[in-house]
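Trainee: Top to bottom, those sequences are chains A and B.
Those letters in the first sequence? Residues 1 to 364, per the UniProt record's numbering, in order.
Those letters in the second sequence? Residues 1 to 364, per the UniProt record's numbering, in order.
A few of these clues could be false.
Pairs count within a copy or across copies, as identical chains cannot be separated in the list.
Stated by the list, open to error - Dumping the calculated DSS-like pairs for lysine-lysine here, alpha-carbon to alpha-carbon at most 27 Å:
{"no.": "1", "residue 1": "Lys271", "residue 2": "Lys233"}
{"no.": "2", "residue 1": "Lys93", "residue 2": "Lys113"}
{"no.": "3", "residue 1": "Lys113", "residue 2": "Lys65"}
{"no.": "4", "residue 1": "Lys297", "residue 2": "Lys233"}
{"no.": "5", "residue 1": "Lys361", "residue 2": "Lys215"}
{"no.": "6", "residue 1": "Lys304", "residue 2": "Lys361"}
{"no.": "7", "residue 1": "Lys93", "residue 2": "Lys271"}
{"no.": "8", "residue 1": "Lys279", "residue 2": "Lys361"}
{"no.": "9", "residue 1": "Lys354", "residue 2": "Lys304"}
{"no.": "10", "residue 1": "Lys361", "residue 2": "Lys93"}
{"no.": "11", "residue 1": "Lys40", "residue 2": "Lys93"}
{"no.": "12", "residue 1": "Lys338", "residue 2": "Lys113"}
{"no.": "13", "residue 1": "Lys42", "residue 2": "Lys138"}
{"no.": "14", "residue 1": "Lys113", "residue 2": "Lys279"}
Calculated from the structure, these hints are not laboratory results.
There are 2 protein chains.
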Amino acid sequence: MSSIPSVRPLAEIRTEIDAIDAEILRLINRRAQCAEEVAKAKIADGEQGTFYRPDREAMVLRRIKDLNRGPLPDPTAMRFFRELMSACLALEKPLEVAFLGPEGTFSQQAVFKHFGSSVNTQPVAAISDVFNAVELDKCHFGVVPVENSTEGVINHTLDRFLMSPLRICGEVEVRVHQNLMGHAASLSEIREIFSHQQSLAQCRLWLDRHLPQVKVTAVSSNAEAARLASLDKHAAAIAGVAAAEVYQLPVLETSIEDQANNTTRFIVIGKQDSAPTGKDKTSLVFSTGNQPGALYKALESFAKFGIGMVNIESRPSRQGLWEYVFFIDIDGHGADPKVAEALGLLRANVNMLKLLGSYPKAVL
Amino acid sequence: MSSIPSVRPLAEIRTEIDAIDAEILRLINRRAQCAEEVAKAKIADGEQGTFYRPDREAMVLRRIKDLNRGPLPDPTAMRFFRELMSACLALEKPLEVAFLGPEGTFSQQAVFKHFGSSVNTQPVAAISDVFNAVELDKCHFGVVPVENSTEGVINHTLDRFLMSPLRICGEVEVRVHQNLMGHAASLSEIREIFSHQQSLAQCRLWLDRHLPQVKVTAVSSNAEAARLASLDKHAAAIAGVAAAEVYQLPVLETSIEDQANNTTRFIVIGKQDSAPTGKDKTSLVFSTGNQPGALYKALESFAKFGIGMVNIESRPSRQGLWEYVFFIDIDGHGADPKVAEALGLLRANVNMLKLLGSYPKAVL
Chain A
1 MSSIPSVRPL
11 AEIRTEIDAI
21 DAEILRLINR
31 RAQCAEEVAK
41 AKIADGEQGT
51 FYRPDREAMV
61 LRRIKDLNRG
71 PLPDPTAMRF
81 FRELMSACLA
91 LEKPLEVAFL
101 GPEGTFSQQA
111 VFKHFGSSVN
121 TQPVAAISDV
131 FNAVELDKCH
141 FGVVPVENST
151 EGVINHTLDR
161 FLMSPLRICG
171 EVEVRVHQNL
181 MGHAASLSEI
191 REIFSHQQSL
201 AQCRLWLDRH
211 LPQVKVTAVS
221 SNAEAARLAS
231 LDKHAAAIAG
241 VAAAEVYQLP
251 VLETSIEDQA
261 NNTTRFIVIG
271 KQDSAPTGKD
281 KTSLVFSTGN
291 QPGALYKALE
301 SFAKFGIGMV
311 NIESRPSRQG
321 LWEYVFFIDI
331 DGHGADPKVA
341 EALGLLRANV
351 NMLKLLGSYP
361 KAVL
Chain B
1 MSSIPSVRPL
11 AEIRTEIDAI
21 DAEILRLINR
31 RAQCAEEVAK
41 AKIADGEQGT
51 FYRPDREAMV
61 LRRIKDLNRG
71 PLPDPTAMRF
81 FRELMSACLA
91 LEKPLEVAFL
101 GPEGTFSQQA
111 VFKHFGSSVN
121 TQPVAAISDV
131 FNAVELDKCH
141 FGVVPVENST
151 EGVINHTLDR
161 FLMSPLRICG
171 EVEVRVHQNL
181 MGHAASLSEI
191 REIFSHQQSL
201 AQCRLWLDRH
211 LPQVKVTAVS
221 SNAEAARLAS
231 LDKHAAAIAG
241 VAAAEVYQLP
251 VLETSIEDQA
261 NNTTRFIVIG
271 KQDSAPTGKD
281 KTSLVFSTGN
291 QPGALYKALE
301 SFAKFGIGMV
311 NIESRPSRQG
321 LWEYVFFIDI
331 DGHGADPKVA
341 EALGLLRANV
351 NMLKLLGSYP
361 KAVL
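Looking at chain A on its own, in the form it has when it is part of the complex:
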C-alpha cells in the first residue's frame, strides 16, 4: 500500500489486544475441558488406549491450514495448534515417548515436532531399545530414524521391524545441518579440514567454492575431526553443532551442506492403527522368491491400481540364502478399497507380506 494508513492510538490498540488475549485464554482452556471430556467419553466407550489419535490430530492441523486466512503464516498457525493439542492431551495423561537419546538430538527434535512439547521424552541407548520400550508398554510411542536424505536408509530400524509386532502410526521429517568449526580467525587462515568422508561428500560444492586450495583429510568420525581441529588453530572440522559445543570450537560457517533439503525422516511406532485421513501412506515389507522377475511382478500390483510408490529399499533377510526382503512405502491407507485390492493381489504373488502400518503423511 502506498497510502499512509490511518492508525488508532497505541493505547486503543493495546486495549483491544488485551481483550483478545483474555478471550483466547478462555477458549484454550475451554478446549482443554473438551479434551478432558473426550477422554471420559472414550473411557465410557471402553477405548482407554486410544486417547492419542494421530489421524485426528493430522485432520485438525490440515483443517487449520485450510481455514487460515492470515496474516499468520500457515506453519505458524499449525504449530500453535500442535502445541495446544499437546497441552490438552497432557492434562489427561502425558504421553511417554521413547527416542534414541541423548536429549538435545535430532531424534528429540522429531519427538517434539510430532507430539508438541507437552510430552515426557524417554531417551534410550539404541534403536532396538526404542522398540523394546513400546513393546513392553514402558512408553506409549517411540520415534526412530528411518532414512537420511544424504546417508540413506537406517538399517537398524528396518531390521528391527521384521521382528516387531509394532505399527507405524506417523512420520516426521527434521532438517539437519553441517557446520565448519575451528579456531581460525577467518577462512583464509585454514590450512586443513577434517571430517568423516560422508560429511565431506555432503559439503563438496561448498568446499570447492570457498576453500578450493585447502587440504582435506577424511577421519573416522566427525567427533575425531572436531578433536583434531581443537588442537590446531589452522585446522577446521566439518561436523554437527554438538561437536562444536563439546570442543568449544567457534562455528565459522553454518549449514554448509550442498543439499538444502538435507533431512532425516523419522517414524512413530506404537501399538494402535491410525484411521484414514484422506492423505495417508502405508508401509509394508515383503519377500519374493528368487525366480526372475519376481520383484517386477510384485510391484505390478501397485501399478495396476494406480497406486504411487514413495520408497523402496531392499535388505537381506536373515532367514535364508539369497533371500531379500523389500520395504516399500505406498500412497494411501490400507482401508482404501484400491489399496486393499492391490495388497490382496500382492499377497498372492509374494512369499511373505507384513503390513507395518497406515498413517497420515507428515503435516508440519
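Knowing the structure of chain A, use the given hints to seat chain B on it.
Mentor: For chain B alone, coordinates are given in the frame of chain A:
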C-alpha cells in the same frame, strides 16, 4: 469425583472443539493484525526502534497468569502467549538475536525461551562477539550467559560490560543437566569414571550413593572424558548430552547433578531501556576507593531505602592497582523513586557508577 460424570457423545464434543479451534484461529490472526497496527502507530509516532518491548511482553504474560483459571497450567498458558507474541512480532519484522553458538546449545534455548521461536538466531563464536553484533546493529538483541548456579559467574560477560554502551533489557534462566554415559551394559560394569573436576563436584552425592567403589578420575574437560569413555566399555563419563551425541555414547543416567536447580542465568542485551513493570531488577557496576569500609558504605545506600540486593560480584578492574569493581543486582526499577534516591546516594559514595539496565524479572 467419585460419581461417573455424564458425558456427551464423542462426535458432539469434537464438533464443539472444531468450532473453538476456528474461533481461536480467527482471534490469533486478529491479534496479529493488531500487532501490525501497533507497529504502524509506533512508526507514526517516530518510534521505529522500539517495536519489541520487553516490559510490555512481561506484563502481558503476568496478566495471563493472573487471569488463568485452568485447566491448563499457568506455565503452559504463558508459553502459549509467548509464542503468539513472538509470531505476531515476526510478521512485522523478525527479531535478529545474537547468541554464543553453536545452535542447539543452552544459549539458544535461552533465546527461544525469552523471545519465543519466531526469531532469527545468529550464532557467534565468543561472548564478546555477541556484544559486537548488537553494538554494530547487526542484531537487535544479544543473549549472553552471566551466571551458573554451580560454576558461578561468567567473567567474560561482566568484563565486556565495562566497555560497552549496551543495556540489559531482560533475563532468562535455563536448567542444565549432567549425565552419566558409557558403553557399560549396567552401572555394575563400570570400573572408572572420567569427568572435569567441576562436573564431578556437581555429582558427588549421586556418585557416593550409586557408585561408591568406582575409581573417579578428573580430566581436562568433559569432552576428553567422553572420548576416554568411548575407548573402554568399563569406563563412563559425566558430561552434557552433546558429548554423548558426539561420541555416540549411550546415556546411562540423566540429570545426576546433586542440585536439582542447576541453572544458567542469561541476560538479554540491547540498545533500549525497558519501562517499569512493577516487578523489575536493576543491574549496576561501581568501584570504590581502597579506604576501609568503602564497600560497606556503598551498600548502605540500598539498606537505607529498604532495597533488596539479589547478587553481588567483585571483579578486578583493569584500570588501576588494587582497584575492584562490584557488579550488583538490586530489586526494583531505576525509575522507582526509592531506587532513584538510593542510586543518587550511592553515586556520592563511589568513584564510578554505571547503570547496566532495569528490566522485568524473568517471567517464565
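Trainee: Decide, hint by hint, whether the structure agrees.
Mentor: Against the structure, the hints:
Proximity of Lys271 to Lys233 under the C-alpha cut-off of 27 Å is found in neither arrangement, the shortest distances being 52 Å within a copy and 34 Å between copies. In this assembly of identical chains, Lys93 and Lys113 lie within 27 Å of each other by CA distance both inside one copy and across copies; the values are 19 Å within and 25 Å between. Taking the shortest alpha-carbon separations for Lys113 and Lys65, both the intra-copy value of 17 Å and the inter-copy value of 26 Å come in at or below 27 Å. When the C-alpha separation of Lys297 and Lys233 is checked against a cutoff of 27 Å, the pair qualifies neither within a copy, at 59 Å, nor between copies, at 48 Å.
With identical chains, the CA atoms of Lys361 and Lys215 are never at most 27 Å apart, being 43 Å at best within one copy and 50 Å at best between copies. Only within a single protomer do Lys304 and Lys361 lie at most 27 Å apart by alpha-carbon distance; the minimum there is 23 Å, versus 65 Å between protomers. When the C-alpha separation of Lys93 and Lys271 is checked against a cutoff of 27 Å, the pair qualifies only within one copy, where the shortest distance is 17 Å, while the shortest distance between copies is 45 Å. Proximity of Lys279 to Lys361 under the C-alpha cut-off of 27 Å is restricted to the intra-copy arrangement: shortest distance 6 Å within a copy versus 46 Å between copies.
Taking the shortest Cα distances, Lys354 and Lys304 sit within 27 Å of each other inside one copy (20 Å), while across copies they are farther apart (78 Å). Only within a single protomer do Lys361 and Lys93 lie at most 27 Å apart by alpha-carbon distance; the minimum there is 25 Å, versus 32 Å between protomers. In this assembly of identical chains, Lys40 and Lys93 lie within 27 Å of each other by CA distance solely inside one copy; the values are 12 Å within and 44 Å between copies. Proximity of Lys338 and Lys113 under a CA criterion of 27 Å is satisfied in neither setting, with 31 Å inside one chain copy and 48 Å between copies.
For a Cα distance limit of 27 Å, the shortest separation of Lys42 from Lys138 inside one copy, 22 Å, qualifies, whereas the shortest one across copies, 54 Å, does not. In this assembly of identical chains, the alpha carbons of Lys113 and Lys279 lie at most 27 Å apart only when taken from the same copy (19 Å versus 34 Å across copies).
In summary, the structure is inconsistent with hints 1, 4, 5 and 12 from the numbered list given earlier, while agreeing with the others.
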